[in-house]
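K.L.:
Throw the hints in and build the complete structure from the sequences for me.
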Amino acid sequence: MTAEMYTSVILLAILAITTNIASADDCSTCKKLIRNFIQGLENTAGGSFSGGNTLWEEKKLINYAVSETRFHSIIDGVCGKSHFQCQKLLHEVEPTLDEWWTKVFRVNPNKAQTMEHDICVDRMRLCCPVNSYGEECLPCLPCSLFGGDCNGNGTRSGNGSCVCKPGYSGITCDTCNNQTHFLSNSSDGIVVCEMCHSSCEGGCHGPGASRCKACAKGWFSKPNDDGSFECVDVDECEKSPCKSNQYCENTEGSYKCSPCSIECDGCTGPTNANCLKCSQGFILSGGRCEDINECDSKTPPCTHSGEICVNKKGGFHCDCRAGWDKVHGVCTPKDAAGDSLNDLSVAFEPNRRSEL
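Using mature numbering (1 follows the signal peptide of the UniProt record, and there is no 0), the letters of the sequence shown map in sequence onto residues -24 to -1, 1 to 332.
The reader is advised that the hints may include incorrect statements.
[As the list claims (entries may be wrong)] DSS-like, lysine-lysine: derived pairs with alpha carbons at most 25 Å apart:
#	residue 1	residue 2
1	Lys253	Lys289
2	Lys8	Lys64
3	Lys232	Lys198
4	Lys232	Lys193
5	Lys215	Lys232
6	Lys215	Lys198
7	Lys288	Lys274
Read the hints as simulated data drawn from the structure, not as lab findings.
P.N.:
Here it is as structure tokens:
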């Protein structure tokens, strides 16, 4: 056998082994399936008898509680119709469930309390106990005591390494990231890291804007009497950075430009009470820019026959009153408008082809 052939055989062997290792999704699906099975146990606990013979009903109910009829009734509802992954797993796990029902549940119905562990961990080997991982359920590093999670925790997958949460670092996530967080508590061997104030750059020594190592962009350093300093927000709005007809809103470490209200020609805030002056079509009234109703003016703006004035914000438009339609830009009584349209349709009617 050549070296290349030997390598290929080894790779195929590894592939064959790894494809049989249960994924985290298999474990999750198994747990959901068992939870639904237990819910089915609860839903079918009372049976469905409605006769008058109480002794007969009690006997039938006892028999039904551990019957194949009840088992299949529960099985039919554990996945639903469209959950492909659950249906696929159910096909594999159903013989195991049947055996568990016959040899475990019938003997001791209280075993339903440990069904998830019994099926998913021990029998199907799709999951591991909490704080263990991998095909052999090896113990996880103590990540969860600090700021991390074990890779593959509770499943037959993963490598057991610690996946640190934001702000934590180290092999077991027991150290704070000194660029973004600080150690706020380490009692009883538990490490708690808290995020630095938003004004800090490059880390901090504790909470608040006065414990920063340096100030972030949008903040400036203000000296204190004791020789320390505090990071204070820069008010960028003092330099009027926004465009015409926008107002500036200072935010922590930055600023935001927003459009003025339609009533305003320049403004200092979001409402018609913050206008520097009023836009055309508006007038200052009671400290606010209010719409001018041009339709109420002494000289009505819509003077043609059949017209009516319709006010709108900052202006108006002329429309036709009821019973009138606009034809070629002129309000015309509906009957006359119909005649005009008929005349037009006749005038512009295309020539018909001669019939053969």
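K.L.:
Tell me, which hint numbers fail for this structure?
P.N.:
Failing hints: none at all.
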